[in-house]
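Asker: Residue numbers (this note's numbering), protein chains in the order written: chain A, 1 to 103; chain B, 1 to 160; chain C, 1 to 126; chain D, 1 to 224; chain E, 1 to 196.
Hints are computed from structural coordinates only; laboratory data are not their basis. A quick note: this is a predicted structure, and the numbers were derived from the prediction, not measured. C-beta: ideal position from N, C-alpha, C; glycine also. Among these hints, one or two may not hold up.
Listed next, the stretches of chain E that the computed footprint assigns to chain B, with coverage defined by at least 3 CB atoms under 8 angstroms from CB atoms of chain B [to be verified]:
hint	segment
1	28-34
2	166-179
Which residues of chain A face chain D? A few of them, derived with a C-beta cut under 7 angstroms, are [stated by the list, open to error]:
hint	residue
3	I23
4	L27
5	P29
6	M71
7	F82
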Amino acid sequence: MLVEHALVATAVAILTTMTLALIRAMLGPTIFDRVLALNMFGTKTVLLICVVGFLTERTDFLDLALLYSLMNFIGMVALLRFSQFGGFGDSKDGSPVKPEAQG
Amino acid sequence: MNTFPIIRVITKVLIPYILLFAFYVQFHGDFGPGGGFQAGVIFAAALILYGLVYGLPALQMVAPPRVVEKLIALGLLIYGGTGIACMLLGGNFLDYNVLEHHFLTELPAAIDFLPGEGPHHFLPEGQHLGIFLVELGVGITVTAVMTMIFYAFAGREPVA
Amino acid sequence: MILFNLVVWAFLISGSFFSIVGGVGIIRLPEFYSRLHGGGVTDTLGAGLIIVGLLIHGVGGLFFETDVSVVGQLLTAIKLLMILFFLLITSPASCHALAKSALTQGLKPVLEINTIDKAQNDATEQ
Amino acid sequence: MMNFIVIPILLLLALTAVTVARIRNLWAAVMFTGIYSFLGASWMLILDAPDVAFTEAAVGAGISTILMLATLSLTPRKRHQDGHLQSDDFDEKPRKKSPVWPLLVVTITGFALIYGTFDMPHFGSPEAPIQVYPDPSFISKSQHDMHGLPNVVTAVLAGYRGYDTLGETAVIFTAGIAVLLILRRAPNEGLKHADQESEVVAAANLINQADENSDGELTQEADS
Amino acid sequence: MTMDQFLGLYNYWIVIFLMMTGFYIVIARENLIKTIIGLNIFQTSVFLLYITMGKVTEGTAPIIRNGGGHHEEEHGAAEHVGHAALGREVELGHSVSDVSAIQHASYLENTNPPASPPLDGLADATATSGALEQNTHIVAEYQGVIYSNPLPSVLMLTAIVVGIATTALALALIVRIREEYGTIEEDEIIELDRNS
Numbered sequence: 001m002l003v004e005h006a007l008v009a010t011a012v013a014i015l016t017t018m019t020l021a022l023i024r025a026m027l028g029p030t031i032f033d034r035v036l037a038l039n040m041f042g043t044k045t046v047l048l049i050c051v052v053g054f055l056t057e058r059t060d061f062l063d064l065a066l067l068y069s070l071m072n073f074i075g076m077v078a079l080l081r082f083s084q085f086g087g088f089g090d091s092k093d094g095s096p097v098k099p100e101a102q103g
Numbered sequence: 001m002n003t004f005p006i007i008r009v010i011t012k013v014l015i016p017y018i019l020l021f022a023f024y025v026q027f028h029g030d031f032g033p034g035g036g037f038q039a040g041v042i043f044a045a046a047l048i049l050y051g052l053v054y055g056l057p058a059l060q061m062v063a064p065p066r067v068v069e070k071l072i073a074l075g076l077l078i079y080g081g082t083g084i085a086c087m088l089l090g091g092n093f094l095d096y097n098v099l100e101h102h103f104l105t106e107l108p109a110a111i112d113f114l115p116g117e118g119p120h121h122f123l124p125e126g127q128h129l130g131i132f133l134v135e136l137g138v139g140i141t142v143t144a145v146m147t148m149i150f151y152a153f154a155g156r157e158p159v160a
Numbered sequence: 001m002i003l004f005n006l007v008v009w010a011f012l013i014s015g016s017f018f019s020i021v022g023g024v025g026i027i028r029l030p031e032f033y034s035r036l037h038g039g040g041v042t043d044t045l046g047a048g049l050i051i052v053g054l055l056i057h058g059v060g061g062l063f064f065e066t067d068v069s070v071v072g073q074l075l076t077a078i079k080l081l082m083i084l085f086f087l088l089i090t091s092p093a094s095c096h097a098l099a100k101s102a103l104t105q106g107l108k109p110v111l112e113i114n115t116i117d118k119a120q121n122d123a124t125e126q
Numbered sequence: 001m002m003n004f005i006v007i008p009i010l011l012l013l014a015l016t017a018v019t020v021a022r023i024r025n026l027w028a029a030v031m032f033t034g035i036y037s038f039l040g041a042s043w044m045l046i047l048d049a050p051d052v053a054f055t056e057a058a059v060g061a062g063i064s065t066i067l068m069l070a071t072l073s074l075t076p077r078k079r080h081q082d083g084h085l086q087s088d089d090f091d092e093k094p095r096k097k098s099p100v101w102p103l104l105v106v107t108i109t110g111f112a113l114i115y116g117t118f119d120m121p122h123f124g125s126p127e128a129p130i131q132v133y134p135d136p137s138f139i140s141k142s143q144h145d146m147h148g149l150p151n152v153v154t155a156v157l158a159g160y161r162g163y164d165t166l167g168e169t170a171v172i173f174t175a176g177i178a179v180l181l182i183l184r185r186a187p188n189e190g191l192k193h194a195d196q197e198s199e200v201v202a203a204a205n206l207i208n209q210a211d212e213n214s215d216g217e218l219t220q221e222a223d224s
Numbered sequence: 001m002t003m004d005q006f007l008g009l010y011n012y013w014i015v016i017f018l019m020m021t022g023f024y025i026v027i028a029r030e031n032l033i034k035t036i037i038g039l040n041i042f043q044t045s046v047f048l049l050y051i052t053m054g055k056v057t058e059g060t061a062p063i064i065r066n067g068g069g070h071h072e073e074e075h076g077a078a079e080h081v082g083h084a085a086l087g088r089e090v091e092l093g094h095s096v097s098d099v100s101a102i103q104h105a106s107y108l109e110n111t112n113p114p115a116s117p118p119l120d121g122l123a124d125a126t127a128t129s130g131a132l133e134q135n136t137h138i139v140a141e142y143q144g145v146i147y148s149n150p151l152p153s154v155l156m157l158t159a160i161v162v163g164i165a166t167t168a169l170a171l172a173l174i175v176r177i178r179e180e181y182g183t184i185e186e187d188e189i190i191e192l193d194r195n196s
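Working from the sequences, and respecting the hints, build out all of it.
Answerer: So, in structure tokens, the structure goes:
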């Protein structure tokens, strides 16, 4: 009943979930399903990094997990942006708004 | 993304932390994973996130292309200048040992609470100072280049 | 010590459980808006439980092991808390934005059970 | 114990790469490239290269994805009347060539490379040439030279190989300038600019007439 | 082939598989963006190949691990080294307080030609850490901890950033090609070139 065993079991569970998310991303059918699967995949990678960090006892690598979660969000916003507006033309929803205009 | 108020608010909350994280990666790079390349990319990613959510004009008010352009060259200048400074101080190009105790590295006596003798130094070794400057140059160049590339792509009008 | 490990075990295993449940949900559920639930479960509950388990494990090192640096463990705990903060903020926001984006682009939620099969067929035919 | 984690990651990597090769929708292909980068970075972390994992995650999954999406939004196959785009505008054209020859070439190359691996030192072997050649004790030496800088990667990057990193930074600088030179001005803006100076217009006309492959649009612009 | 041999080489095989997938995309697909994606996959697998080689069994990442709060520890190590240098200065007969002399001497010391045979390096290391004596094989070790090789990390680190810069350049060219030709399919571009 070492904690290491639990960590390995968790890592395997996370990898299983990653596989399932990957399968959904491959199946589609709509683009939103894929983006959802990508988002989930990214979160699972963050968790995997945390668990591996504890397993190898180098917890100073948690910086990486932080970075992964940030990049996940940024990639997600980019996908949304380009799927919604097809580029940077904000013309469809009015002229670009100053940052102060909306909370 | 004007129709996504939640994403706008979340972005506004997150961006300071991302910038802070970029600085952490830049200046903690000697002690943990990280360094100029990574910090530059993260900093640029924060700017790009702002641009994605609030639109390109808003981003260009924050980081005007005119300034970012110059930063591209500034980073490389800092890098090369560190090497030249080493040469002027009597060493070889990029030989950081000669930077030792030359630049403002002495801790003022008023805040010198470290144990042990004598005046202490912020950056006790020339190597540390040199690596710090070099990484700073790399970070500035990478940030500016990535931001400029983003401007170039995002400012392009699509043709039919 | 054993009790402590048991708590860590419980958190990690329950987190893994919810994670896999969400994974199965994202595969098995019939259409996009119901799949969002699967994604939501793994991203918040599963991730939260696993990170809290790791947090307890990390803090427990302070009490039960001798050669541990307090600063290092505290730093680890702070980093884990920040990761949790990021995950708990960004995942629901992305899920919401995704659902809203899908809705505005004309992907209709399927409201009756009977029509799910038909909707799925339509979606695959696209 | 780590094998339980490493082998699934490798299988997922292979699966993702095959998916990228098979999928026709470029949008999804870019997305899978992001997943591939995440997985590769995770494996790099397990292989004791956190710095590289850091960079790969930031660059491969973040910036690279964004740039490719930006390019995609500028290069759809067709654009609808209102400028609206759908995800199937980014499909590749169905290809006519049969994939047999490329597959054959790839298979032969792959088996040749695999044949080459039989002579390689086993994974993680401490006697591998890379571990013994330059000087195995240079980690402790770097601690001496760099006065105890904990991150040896940074020490090598900015200290020992400072010249090299200066060169790399110059390469990034050059690539950034090149992108700006290519994309800065709007399409055909150069020719419009040339209109103001008659000499340049004459020169452009000469070039356009001499260069027979110039398309009609360019010539028209310069003539007007 | 035994299981050990298989497990010792399967990393390389996976990397080769990834590399060949990227290669296939590059030569079989005609869409320019898809080609760039294939090149990216190829590139990442080359990174993975190098990183794989740098790993040592039982090794850890090449960031010196300190047992305690690492700043103090690292400071101590630095001061220890500094004192050693000072001691050498005294032996050489220089004035200790003369900072520039110390700098000069340490500069000389640091620019010693690295051509000395590896055994000298080993002796140095044993003098500082004393950990390598009982080691039968040669691995990068410091204060009793084995570290993986940092050199592949350094090379690949810069390669990744240069890679994204060149990828951006290629994408910019693709944008221009799309504007001039109206397509990004290789065969259509060749067709247009032939017809014009």
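Asker: Now look at each hint and say whether the structure bears it out.
Answerer: We went through each hint and held it up to the structure:
Coverage of the segment 28-34 of chain E by chain B is violated. Counting CB-CB distances below 8 angstroms, 0 residues qualify, and the rule asks for three or more. Given a C-beta distance limit of less than 8 angstroms, the hint that chain B covers the segment 166-179 of chain E holds, as 6 residues qualify and 3 suffice. Given the 7 angstroms rule on beta carbons, the hint for A:I23 is violated: about 9 angstroms separates it from the nearest Cβ of chain D. Annotation: A:L27 was flagged as interfacial toward chain D, and the flag is violated, the nearest CB pair being 11 angstroms apart, outside 7 angstroms.
Interface restraint check: A:P29 against chain D, minimum CB-CB distance 11 angstroms, threshold 7 angstroms, status violated. Because the beta carbon of A:M71 sits about 4 angstroms from the nearest beta carbon in chain D, less than 7 angstroms, this interface hint is met. A hinted interface residue such as A:F82 counts as satisfied when its beta carbon comes closer than 7 angstroms to some beta carbon of chain D; here the least separation is about 5 angstroms, so the hint holds.
The structure fails hints 1, 3, 4, 5 (numbered hints given earlier, in ascending order).
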